Amino acid sequence: MTDEQIVARAQAGDREAFGEIVRRWQRRIFALAYGMLGSAEEANDVAQETFFSAYRNLQSFRGEAKVSSWLHRIAVNQCITRQRRQKVRRESPLDAETVLGETQIASVTHAESPARHAEGRACAKDVRQAVGSLPPELRQIVLMKEFEEMTFQEIADALELPLSTVKTRLYTALKQLRMKLEKHAATETVE
Amino acid sequence: MNHSMNTPRDCERSEDLLAYLYREATASERKSFEQHLTQCSACREEHVAFGGVREAFAGWRDESFREAASFYPFTEKQRIEKRSALVAVREFFRLAPVWLQASGAIAALVVCALAASALVNADARREQNRIAFSTSSREPQRDAAPTVDAPSQKHYTQQEVDELIADRVQRGIETYREQAARGSATTIVAKDADRKSSAPDSAASSVSTDAKENGARRRSRTTTTPVGARERQTTVARRSNDDGVPRLSDLLDVVN
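Chains as they are written, first to last, in my numbering: chain A, 1 to 191; chain B, 1 to 256.
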């Protein structure tokens, strides 16, 4: 049974059907939130808020997009909302980097480098910070491509954008990420 | 256009580069871009750089999913394995469309009916005290199948018929002797003993009318020597002629 069929049953009043949607997608939504926020507790909160929001707005889902895309979009919005709140509170290193800008990412990352336990984990953190510093319209496409593994056409359909716009945005995002990561690597090498 | 001097901005095939990088290009597009890569250093350099970014994405994504797996300890596969059959059936009837539910219910009823029919047939065979056990509902096979029922009428073989006749003859002789003894008739026993000493025929000795000899032994001997039985009858007939003993036909009349 597809996600769309299960959602149709949930819209008809079957509350347990929505539970199946939660079971199917909670880990991916958690992973997406963790990829953006870097905190398991926050990622869990985002996952819960995502499914709660989806359940409340169940009737507004008209099947024009995939259920997974719908859930991912809600989760991304939840993460952005949290990042904005944290930006105000200045609690999150990610937000601090986002506020301080691209040039300061390397120094923040470097300050934490002695505490790194593994190179792979550090690399993931660098990427998370770099992605977090992207403009929302670019970050959304990166997440849809890399986390949801959607095709360009699926992203274009979901966002109601021309296919060329999706490709151009992703190209721009990759170029910016490349520069951020290369700059970070160069800084680490020098120091 | 000098491709070797291209910068990323100079080349207009950035979209093709992305399609190639994410493996969404068709075969012809892929071949075309691979040919372009041999000529355009900018695209070649960018292809390598973006590949590195994607590798970094993979590490980021893998770490996120590892964290998710540790936070939600049961994977989808484990959840399916842990789910009991009853829960699976309940979920099927909860999630499946109405037509599928109806089909499933009908199929389940048919299976139950077939199982019940098989059980009824099996019980019926046990009631008839048959050893063969089958759940087949085909009656003709049941009748044709070899069984060990107690027969309602026994069928005798030729050998058994001979044995019975010999036995009856023997009984007739004994009956006649008793009648003869009671009527002071000729003592067949004495004369027979004399003949037995002169003719060591085993068949003749078996006709020496030991009234206490059991029937089974008599039947066995007669069975092994049917010719001897005929000789005994002949002997008896001869004696009846010679010694005044009854004829065989008379004995048979007595038996019958």
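Fair warning: there could be bad hints in the mix.
[To be verified] Residues on chain A that point at chain B, a partial pick, calculated with CB under 10 Å:
#  : residue
1  : Arg28
2  : Tyr34
3  : Met36
4  : Ala40
5  : Asn57
6  : Gln59
7  : Gly63
8  : Ala65
9  : Ala124
10 : Leu161
11 : Thr168
12 : Tyr171
13 : Leu181
[To be verified] Listed next, the in silico DSBU-like pairs over lysine-lysine satisfying Cα-Cα at most 35 Å (straight line):
#  : chain 1 : residue 1 : chain 2 : residue 2
14 : A       : Lys87     : B       : Lys31
15 : A       : Lys183    : A       : Lys125
16 : A       : Lys183    : B       : Lys31
17 : A       : Lys175    : B       : Lys31
18 : A       : Lys66     : A       : Lys175
19 : A       : Lys87     : A       : Lys183
20 : A       : Lys175    : A       : Lys125
21 : A       : Lys87     : A       : Lys175
22 : A       : Lys87     : A       : Lys66
No lab work stands behind these hints: they were computed from the structure.
Bear in mind that the values here come from a model prediction, so they are computed numbers and not experimental data.
Cβ coordinates follow ideal geometry from the N, Cα and C atoms, glycine included.
Taken at face value, is the distance from the CA of A:Lys175 to the CA of A:Lys87 at most 35 Å?
-> With Cα atoms ~25 Å apart, A:Lys87 and A:Lys175 stay inside 35 Å; holds.
Once the shortest beta carbon distance from A:Leu161 to chain B is found, is it less than 10 Å?
-> With a minimum Cβ separation of about 14 Å from chain B (threshold 10 Å), the hint on A:Leu161 is violated.
Going by Cβ atoms only, is A:Tyr171 closer than 10 Å to chain B?
-> Hint on A:Tyr171: holds, closest Cβ of chain B at ~5 Å, below 10 Å.
Interface hint compliance - A:Tyr34 to chain B, C-beta minimum distance less than 10 Å | Result: holds, 5 Å to nearest chain B Cβ.
Taking 10 Å as the limit, does the beta-carbon of A:Ala124 come near enough to a beta-carbon in chain B?
-> holds, 4 Å
At a threshold of 10 Å, is the proposed contact between A:Ala40 and chain B supported by beta-carbon distances?
-> Hint holds; A:Ala40 Cβ to chain B Cβ min 6 Å, cut 10 Å.
How about A:Gly63: closest beta carbon in chain B under 10 Å, or not?
-> violated, 16 Å
Would you mind confirming whether the straight-line C-alpha gap from A:Lys87 to A:Lys66 stays at or under 35 Å?
-> holds, 31 Å
Decide if the proposed pair is consistent with the structure: A:Lys66 and A:Lys175, CA atoms, cutoff 35 Å inclusive.
-> holds, 29 Å
Return the status of the interface hint for A:Asn57: holds when the least beta-carbon distance to chain B is below 10 Å, violated otherwise.
-> Not OK, violated: A:Asn57 not within 10 Å of chain B, min 22 Å.
Minimum Cβ distance from A:Ala65 to chain B below 10 Å?
-> With Cβ-Cβ at 19 Å, over 10 Å, it is violated.
Report holds or violated for the interface hint on A:Gln59, using the least CB-CB distance to chain B and a cut-off of 10 Å.
-> violated, 20 Å
In this structure, the hints that do not hold are numbers 5, 6, 7, 8, 10 and 14, in rising order.
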